[in-house]
Amino acid sequence: MSLLQTGIDALLALGLVWLAWRALACPDLFRGIVLFIAFGLLMALAWVRLEAPDVALAEAAIGAGLTGALLLAALARLHRIAPAGTRADTREAWRNGPALLLVLAGAGLGLAVLSLLPEPAGLQAQVAAELGRSGVSNPVTAVLLNFRGYDTLLEVLVLLLALLAAWSLEAEPPRREAPPGPVLDLLLRLLLPILVLAAAYLLWAGAHAPGGAFQAGAVLGAAGVLALLAGWRLQPRLTGLPLRLAIAIGPGGFLLVAWALLLAGRPLLEYPPALAGALILLIETLATLSIAATLAVLFQGSRPGAEPPA
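First residue of the sequence shown? That's 33 in the numbering used here, and the numbers climb one at a time after it.
The hints are simulated quantities; they were obtained by calculation from the structure and are not laboratory data.
Just so we're clear, the structure is a prediction, and the values are computed from it rather than from any experiment.
Even for Gly, the Cβ is constructed at its ideal location relative to N, Cα and C.
Treat the hints with care, since some could be wrong.
Claimed, not checked - Have a look at the derived ranges for each label pair, beta carbon to beta carbon: (1) 297 / 42: 51 to 57 Å; (2) 147 / 219: 47 to 53 Å; (3) 299 / 85: 27 to 33 Å.
Sequences and hints are given; from them, build the entire structure.
Structure, rendered in structure tokens:
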């Protein structure tokens, strides 16, 4: 590693620590969210430097982009329901328990890193040996969708549970939004097809390059969030059963494939080598649609079909 690369990595590490500290200690919630988004973007660069482009894509799309949009939407709702003249202050909370928990978590992480072997063996050799039977040539996709597919199944189910939990809070119905101006409307009509094509590329490329369902779903979900920000809404006939099917089709299809494999006498989510590639593509396609719909509806905050107040 050259001196320039070492300097860049050192600045990147210092920037991450500073942004994390400022995001947690900032008394203003809006500034804290902006700092959190900046932290996510810098974290994506850190993953690129660690040669983990799959994680970098997910961090940039979900960790910085969509999570930041969700936090901004939550802040806007807090401003609408908070009494006039009140202001959230995080300084007192930062001085107490959370600070101690963060210090303990940081110390535990440091001890874990120091306890690693100088040259850990890892599972790279085993993954490379079985890659030909996995149905894909990207080792990350092989691990996430084949060798440890049940982990990804649980992640998709957790996302669905998060949406059900948000719906159970019975949030306020959406407000009537003014239609977008002609410039914003034209910009979105040009941008949304590009985002859809980018999501399709990430989905298809996941079999042999960085990408996959979560990255594609995040980009497609970002297109939905942009449409919601511009005041676009689904037609009433699409906000009932069709939207709920789109939300449930990812975990439902995953569970159906797992159930069919068990009935065929195979272990859980262990695909036949001849069908592995097709089954992984099917699962990722359904999961992409489900993740995108779930993220967009989470940003909206209310159940589909809720009537806005007059």
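For this session: Could you check the structure against the hints above and give me the numbers of any it violates, in ascending order?
Result: none
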